[in-house]
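2 protein chains.
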Amino acid sequence: MSKIPYRIYLTEQEMPRQWYNLRSDMPELPDPYINPGTMKPAVLEDLYPVFCEELAKQEMDNTTRYVDIPEEILEFYKIYRPSPLCRAYNLEKALDTPAKIYFKFEGNNTSGSHKLNSAVAQVYYAKKQGITSLTTETGAGQWGTALSEACSYFDMPLTVYMVKVSSQQKPYRKAIIETFGGKVIPSPSDKTEVGRSILKKNPETGGSLGCAISEAIEHAVKTENCRYVLGSVLNQVLLHQSIIGLEAKAAMDKIGEYPDIVIGCAGGGSNLGGLIAPFMQDKLTGRKNPYFIAVEPASCPSMTRGKYAYDFCDTGRVTPLAKMYTLGCEFIPSANHAGGLRYHGMSPVISKLYHDGYLDEAKAYEQTRVFDAAALFAKYETILPAPESSHAIRAAIDEALKCRLTGEEKTILFGLTGTGYFDMAAYMQYNEGMMTDYIPTDEDLKPGFDALPTL
Amino acid sequence: MSKIPYRIYLTEQEMPRQWYNLRSDMPELPDPYINPGTMKPAVLEDLYPVFCEELAKQEMDNTTRYVDIPEEILEFYKIYRPSPLCRAYNLEKALDTPAKIYFKFEGNNTSGSHKLNSAVAQVYYAKKQGITSLTTETGAGQWGTALSEACSYFDMPLTVYMVKVSSQQKPYRKAIIETFGGKVIPSPSDKTEVGRSILKKNPETGGSLGCAISEAIEHAVKTENCRYVLGSVLNQVLLHQSIIGLEAKAAMDKIGEYPDIVIGCAGGGSNLGGLIAPFMQDKLTGRKNPYFIAVEPASCPSMTRGKYAYDFCDTGRVTPLAKMYTLGCEFIPSANHAGGLRYHGMSPVISKLYHDGYLDEAKAYEQTRVFDAAALFAKYETILPAPESSHAIRAAIDEALKCRLTGEEKTILFGLTGTGYFDMAAYMQYNEGMMTDYIPTDEDLKPGFDALPTL
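Same order as they appear, the protein sequences are chains A and B.
Residue numbering for the first sequence follows my numbering, beginning at 1 and increasing consecutively.
Residue numbering for the second sequence follows my numbering, beginning at 456 and increasing consecutively.
Hints were generated in silico from the structure; no laboratory data involved.
For each residue, glycine too, the CB sits at the ideal point set by N, CA and C.
Any given hint could turn out to be false.
Claimed, not checked - Straight line, CA to CA, 27 Å or less: simulated BS3-like cross-link-like pairs of lysine-lysine:
#1 A:Lys191 <-> A:Lys222
#2 A:Lys410 <-> B:Lys533
#3 B:Lys865 <-> B:Lys548
#4 A:Lys254 <-> B:Lys548
#5 B:Lys709 <-> A:Lys78
What the hints assert, rightly or not - Some residues of chain B that are not near chain A, with every Cβ distance over 10 Å (derived):
#6 Glu467
#7 Leu499
#8 Asp501
#9 Arg520
#10 Leu550
#11 Pro626
#12 Pro641
#13 Asp645
#14 Lys655
#15 Lys677
#16 Gly741
#17 Asn744
#18 Thr861
#19 Lys901
Model the full assembly from the supplied sequences, consistent with the hints where possible.
Next up, the structure:
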């Protein structure tokens, strides 16, 4: 039998032509969004001022199982997809483990991450509806980059509210967004009411994702024919990101493999939800029983220490309420936290699957342990991973080391969501031994929980 | 007939298992290296203090046509190769050209360029011989990154002399080299005699590639069991880089294509020499007659304005003399020059092919026109190209625009050597309209020519 290749690429013919809607197979659906004005379940029309119609429909559609990917999006996907399914032979050898380690690598595109998969879809539908500009927020910058690429391609003007501390720490992220024609505004800004109000309360704030979301939404609602787009958390994003899991599953099929364990890093849930989608379908329908692990930073532990409750998706409390694991919409990770995965909540779909026991495990790591894994991975697999992705690497390594102890030949699949080329400041800290950890105390978390809305 | 895919990947089975030595098919060989001590043609043993034995042999071997790629190097190649051959459908459409544009994309590895192809080979042979440390120089930083990746993989200590102005302008390049365990010393430094001497003459100098080479060689020669490695110019590097052209040709064979025009950017010649190798073989042996274009910066015009003469490969004048197109070994591009392609000379093989008319054309572009092409390419192909690679993009676009005028359906192949993620400072300049051009005057070039050694 010939050895499984290091890299498995699907052909264009083998690429998925439909997204998979995980909600269609969930025994119980996530609780509905609540309109904060009426305090009643949101209806489709409630979303139209914020999202374009097709995306609003995808957001609310819990029944359609497979959604055709429009031809124009498929054509764009073919520029940078399929992404490779990779066998980490060298890492396996270095760990001396009987486990087989696979990773789905989403970093080989200029956005540097999986975020492009949903960006192109969201811009396409907005363009088709005749929307004439878009707004969004970005934290670590991957989403802003991906969206500016897609907007450039479709000639769609874009304004990005970038968390102020990120725009200062990552001037080159800002530069790449601008190279693709996006306009970057550090958030909180004086361009919006919510920004001015937050600045008034706390003039020195470095901003947060929740705050940038509020500003971007206000901008969209107040600008004619403008809509807001979001890179994670939402049902529509998980739908688009299912391309990751569908490709991974098809590639594993080709080599006769199936994962015993599927691992994804978890911020808002976009990568995790996309990667696990078809494997979770197998579990929900009783065909297979893979073990799912979500990995988050100990400094932003929404799944491992958050409450499963209704909360706002933004700091300004203008979005619908979503039932999710949350640290409270005003939560901001401690200043020493590097990289993304800094959102206060978690995708309602992922939250529900975790709450109901289908997503088996959530675990949190301190960042120095995550960078240890990143450095080891870089040495043996010669890919410099994003800090976010490295959470999944850490967990995959730990599972592989367990296999070394038990002798089990488990098949591990993890999502390598992106590259770390714009995170070198964090790597420098790590290289110089200057990186620190901070685990929030219960005291730190209490104000966020106390401020949760009551229904 | 089905449409040619956007991306063509060879399978592992289809990947080349041999490098191709272009010298074996040249009607006339490049003039030999001259030992500056004896002023006689260098012999193999002259190279042993600097290069490990196997690489010295490859450097001097003008007859072996195909060289088996060792299994350990093939295994490394499989981590990041084959690189895709890409059809630039969107660019073609944007240019409204009947030309078919293909590019071989070498940027999808952490070094961000083709440099890794030779780095892994050079480290492997050194390790095999029992060499215990390596030195090199780096300018824009791609070579230093590639080499540090390869050294990390093979557990080989590495010292990188990095052109001082680059290490200041690109702290993140330095950081990534350090993440892979390489030690970075800004050049000129006080660590070497040649460095101290250059600093004494010009304490404020930002350094040059030629100077960094001198320091790295001195370090290697004076350190026990240490050797020097170089990322371009040399025959051995062109041999290893032939993997680019061999893969490109195999992929074009698969889809029934053959290029009418082959375009590569040219600094020291590593990418150009590798890309054109098998196509040049076709020309030298009379099988086909593709048209070859080398593209260089107007600010460092070794081929278009240099002399074809014997010169040193370094500023310190310690290397053998090579017959090549050169601006003189003390030439330094003007301070506003962004990116790489800043070496004073050109690969002796490339120089000879150009001098003898097999390499059809060399052209030079000002950098603002190059960044215009880069921005256009990024918009339509959603890859942010390296400034170096963008020289080839500029020429490919211009050839495609010619085809629009003539109606010719030419097949154009160019080398996209890498990505621009560590060149965002230059992109920022460009975005803000602050990028300038400088074409050296004849007066500027005269001192370099006057200082050429006389044989």
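The hints, checked one at a time:
no.: 1; hint: A:Lys191 <-> A:Lys222; in the structure: holds (11 Å)
no.: 2; hint: A:Lys410 <-> B:Lys533; in the structure: holds (23 Å)
no.: 3; hint: B:Lys865 <-> B:Lys548; in the structure: holds (15 Å)
no.: 4; hint: A:Lys254 <-> B:Lys548; in the structure: violated (34 Å)
no.: 5; hint: B:Lys709 <-> A:Lys78; in the structure: holds (18 Å)
no.: 6; hint: Glu467; in the structure: violated (5 Å)
no.: 7; hint: Leu499; in the structure: holds (32 Å)
no.: 8; hint: Asp501; in the structure: holds (34 Å)
no.: 9; hint: Arg520; in the structure: holds (28 Å)
no.: 10; hint: Leu550; in the structure: holds (15 Å)
no.: 11; hint: Pro626; in the structure: violated (8 Å)
no.: 12; hint: Pro641; in the structure: holds (16 Å)
no.: 13; hint: Asp645; in the structure: holds (23 Å)
no.: 14; hint: Lys655; in the structure: holds (32 Å)
no.: 15; hint: Lys677; in the structure: holds (27 Å)
no.: 16; hint: Gly741; in the structure: holds (35 Å)
no.: 17; hint: Asn744; in the structure: holds (32 Å)
no.: 18; hint: Thr861; in the structure: holds (28 Å)
no.: 19; hint: Lys901; in the structure: holds (38 Å)
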